[in-house]
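Student: Just so you know, the protein sequences line up as chains A and B, in that order. With numbering that gives the first Met the number 0, the residue at position 186 of the first sequence is 185, and numbering never jumps. With numbering that gives the first Met the number 0, the residue at position 103 of the second sequence is 102, and numbering never jumps.
One should not assume that every hint holds.
Some, not all, of what chain A presents toward chain B, calculated at C-beta under 7 Å [as the list claims (entries may be wrong)]:
hint: 1; residue: Arg35
hint: 2; residue: Lys162
hint: 3; residue: Thr163
hint: 4; residue: Gly166
hint: 5; residue: Ala171
hint: 6; residue: Glu177
hint: 7; residue: Thr178
hint: 8; residue: Leu181
hint: 9; residue: Met182
hint: 10; residue: Ile184
hint: 11; residue: Val189
Quick caveat, the hints were computed from the structure, so don't treat them as lab data. Don't be surprised by glycine CBs; every beta carbon is placed ideally from N, CA and C.
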Amino acid sequence: MDWLSKNLPYLMAGISVGGQYALIAIGYTMVYGILRLINFAHGDIFMVAGLVMVYASTVMPVYLAIPLVLVVTVVIGFVVERVAYKPLRSAPRMSVMISAIGVSYLLQNLALYVTGGLAQQYPAIPWISDTITVFGVTTKRVTVITPPLVIVLVAALVMLIQKTKIGMAMRAASKDFETSQLMGIRINSVISMTFIIGSFLAAVGSLLFFSNYTGVTPTVGAMPGLKAFVAAVFGGIGSIPGAVIGAFIIGISENIIKGLGWTTFSDAFTFALLIVVLIFKPTGLFGEAANDKV
Amino acid sequence: MSNILEVRDLSVSYGGIQAVRGISFDVPEGQVVTLIGANGAGKSSTLRSIVGLVKPAGGSILFQGEELKGNPTETIVRKGITLVPEGRRVFVNLTVQENLRLGAYMRNDDLLKDLNWVYDLFPRLKERNWQAAGTLSGGEQQMLAIARALMSRPRLIMMDEPSLGLAPIIVQGVFDIIREINRRGVTILLVEQNANMALKAADLAYVMETGRITMKGKGSELAENEEIKAAYLGKARK
Ligand SMILES: Nc1ncnc2c1ncn2[C@@H]1O[C@H](COP(=O)(O)OP(=O)(O)OP(=O)(O)O)[C@@H](O)[C@H]1O
Ligand SMILES: [Mg+2]
Numbered sequence: 000m001d002w003l004s005k006n007l008p009y010l011m012a013g014i015s016v017g018g019q020y021a022l023i024a025i026g027y028t029m030v031y032g033i034l035r036l037i038n039f040a041h042g043d044i045f046m047v048a049g050l051v052m053v054y055a056s057t058v059m060p061v062y063l064a065i066p067l068v069l070v071v072t073v074v075i076g077f078v079v080e081r082v083a084y085k086p087l088r089s090a091p092r093m094s095v096m097i098s099a100i101g102v103s104y105l106l107q108n109l110a111l112y113v114t115g116g117l118a119q120q121y122p123a124i125p126w127i128s129d130t131i132t133v134f135g136v137t138t139k140r141v142t143v144i145t146p147p148l149v150i151v152l153v154a155a156l157v158m159l160i161q162k163t164k165i166g167m168a169m170r171a172a173s174k175d176f177e178t179s180q181l182m183g184i185r186i187n188s189v190i191s192m193t194f195i196i197g198s199f200l201a202a203v204g205s206l207l208f209f210s211n212y213t214g215v216t217p218t219v220g221a222m223p224g225l226k227a228f229v230a231a232v233f234g235g236i237g238s239i240p241g242a243v244i245g246a247f248i249i250g251i252s253e254n255i256i257k258g259l260g261w262t263t264f265s266d267a268f269t270f271a272l273l274i275v276v277l278i279f280k281p282t283g284l285f286g287e288a289a290n291d292k293v
Numbered sequence: 000m001s002n003i004l005e006v007r008d009l010s011v012s013y014g015g016i017q018a019v020r021g022i023s024f025d026v027p028e029g030q031v032v033t034l035i036g037a038n039g040a041g042k043s044s045t046l047r048s049i050v051g052l053v054k055p056a057g058g059s060i061l062f063q064g065e066e067l068k069g070n071p072t073e074t075i076v077r078k079g080i081t082l083v084p085e086g087r088r089v090f091v092n093l094t095v096q097e098n099l100r101l102g103a104y105m106r107n108d109d110l111l112k113d114l115n116w117v118y119d120l121f122p123r124l125k126e127r128n129w130q131a132a133g134t135l136s137g138g139e140q141q142m143l144a145i146a147r148a149l150m151s152r153p154r155l156i157m158m159d160e161p162s163l164g165l166a167p168i169i170v171q172g173v174f175d176i177i178r179e180i181n182r183r184g185v186t187i188l189l190v191e192q193n194a195n196m197a198l199k200a201a202d203l204a205y206v207m208e209t210g211r212i213t214m215k216g217k218g219s220e221l222a223e224n225e226e227i228k229a230a231y232l233g234k235a236r237k
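Chain A with its partners taken away, still in its complex shape (with noise of 0.2 Å):
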């Protein structure tokens, strides 16, 4: 009882912050589902999301900052795919992957600019940062709200992805790219709407993440970034429901070690997992076997 009261604010925290890195690891694994490619600008554009929504509320309502945000996010991660990734539809893997990482340094490069490198207050949104008191422990009002928001957005997820034209869709063209199209898929559609939903999501784990937070910098999106990565290789990577899994059980370890009283290793502990992971069990908790798309 004692330990648990101890550790209950840990625990809410380490739930909250997995539900976030829960919505950036989708966008990783649902664009490795089907472009077998590691975006690695995700964590960027998450970044983006974050001074999106610095400078939109020094402008604007924060109910009209948070809808901006969620569209701007949306396009930037269309336009990066378009612009990208797409003109190298037929090239090998690993052109497209140079291109991430050149589209991650030009977003953070970017961000450096416009900020002036200078950490960039998040604004508070009323009632999600709120501070407010559960079992005993105060926390902000973001933490409670985390969990089932992640809950039912993967929910809708799950339902759009097994229940949908679309859907379908999405399942056909991360398996076979060519019977697809001869089933008239547009697979260029299919990619769009891909990104769309990761930067989606990526969106409103910014929202969610930078409440809790406190400031924005050009490589901010780094760790979490990094974090929902190795959460979605954790849960092998491909599958969502590992994505999810994956990143509440790394946001909870993270936080237990805090409460251990072992911060200075609660990165390490990610990387150690993922190392651990990569030896012992590389397709993850839920991956297939090694599938070379054709």
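Go by the hints and put chain B with the ligands onto chain A.
Tutor: Below, chain B with the ligands without anything else, positioned relative to chain A:
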């Protein structure tokens, strides 16, 4: 009778390799036409270039009088032409019914009638409706691949070696289905290595060798041709 498909001087290259070297052939509407030839003759390359999965190096492909060359696959299949690819290529992670629905992906109308039509042709698929396609046997997967193609209501179905890797009794079933589909008004372009069965089923046949068409005739005539017998039917010259 008018030709639903007219191919003229079609050539296909992969880097330096010329797989198809300027072939011309016709597919008359309502018939079963077969293209037979040994491994590597360029049969798959021909079919794949017709549906735009590979870019032809030259020539022209007229479907109902309209040039297909240069169009993306998604556009070509919308015109009423489809390919049952070599190796079946069913979506193993999707159920049988989802595979069938994907076959009709470009249509927005009610699929019930068509589903019933293909279930009627392939009762086995109805039994396996909710099973993942990957759990079907090879023969069942071939049936599914054909049924999936039918779901788009094509005017022309091209099939790439539908009998490949199937037991003789199943092969017979596949050819029965091909005739049945044709009887229901769909034109068929059939690529086969099983020359014996293909020639029997075909109204018109072409023989392809190393990227060229070397012979043309009625299916029944070519089946009696001594050269064909020796080369493709495994029967020695008398
Ligand atoms: N993607 C490709 N890249 C390079 N060469 C190819 C490619 N596809 C086919 N070829 C070559 O083109 C030639 C014709 O191949 P194709 O697959 O069209 O023959 P096929 O008649 O269908 O043979 P099979 O009966 O074995 O299926 C072969 O020499 C093959 O090696
Ligand atoms: Mg072939």
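Student: Now, for every hint given, state plainly whether the structure supports it.
Tutor: Cross-check of the supplied hints:
no.: 1; hint: Arg35; verdict: 15 Å, violated
no.: 2; hint: Lys162; verdict: 11 Å, violated
no.: 3; hint: Thr163; verdict: 11 Å, violated
no.: 4; hint: Gly166; verdict: 10 Å, violated
no.: 5; hint: Ala171; verdict: 5 Å, holds
no.: 6; hint: Glu177; verdict: 6 Å, holds
no.: 7; hint: Thr178; verdict: 4 Å, holds
no.: 8; hint: Leu181; verdict: 6 Å, holds
no.: 9; hint: Met182; verdict: 5 Å, holds
no.: 10; hint: Ile184; verdict: 6 Å, holds
no.: 11; hint: Val189; verdict: 11 Å, violated
When held up to the earlier numbered hints, the structure conflicts with 1, 2, 3, 4 and 11 and fits the remainder.
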